[in-house]
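Colleague: In terms of this note's numbering, the sequence shown is residues 1 to 250.
Calculated directly from the structure, the hints in this document are not laboratory data. Owing to the predicted nature of the structure, the values given are computational and were not obtained by experimental measurement.
When the alpha-carbon atoms are kept at most 20 angstroms apart in a straight line, the in silico SDA-like pairs for lysine to any residue are as follows:
(1) K211 to D248
(2) K186 to N117
(3) K112 to A83
(4) K112 to P165
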Amino acid sequence: NMDESPRYPVIGAFLQKRGGTIRHDAVAWGYARAADRLGVDSVDTFDLLAGVDVTGGLVFTPSAEEPSVQGEARPLDDDELAAQIIQTRAAGSAWFARTEHCRFSLAGGQPKFTLANHNGTWPWPNIAIPSTHIIKPAVADCPGSDRVEDAVMELGELCGLQAAPHGMIEPRAGVSAYIVERFDRKVENGRIRRLHCEDIAQAMGCMPDGKYDIDAVSCIRFLHRFDPTDGLGYEFVRRLAFNVSSADSD
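Work out the full structure, taking the sequences as your base and the hints as a guide.
Modeller: Here it is in structure tokens:
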């Protein structure tokens, strides 16, 4: 109701010109609930990320000392893993695990969680134990989406594209999820290393609100600066063609 004298006037709103859904309030309350559960009483994003296994090569800590919480790692057994898959699938947009052992940050709207393959066991990751795998159950209102994602990765490999190791995990009969190895992690001499990574929008210095305005030609020209042979450019086009052909609209 945009009349001048409505019962409940609109005094502010969000506008997203490309027509997507804005859920800023849900995101804000999600951060607030997580902060309360983890004992964080600050509105500073740094405090929320302190001690967390985050994407890429960085760790955030208020202390100058290198953190060590290896002793806190407790592997999940099959029943716990199955329960986490069920909880994550049922939680929908509120997928963040309701446990103090869950200390990771991973962007994206699809429910997921991460674990570390540590000496053959699967503990929760933390600042000292980087996660190595992402586990994505089927979306609640899209049954089978986990198997579709696995199948698309298989198709990419059949088309000659290099894909991260992936598959389906079934800790208990009737409970399964898609699992994929992280490309921003590397195991060396039995130790998991975090690797710095950027997507092409970040590498081009593009602000978040303009990331969907980048065209393929701009990307190819940018890659040419680092590889005059255009090997990177041709590989980008191959992957872009597969992305479009497989109906991946993100």
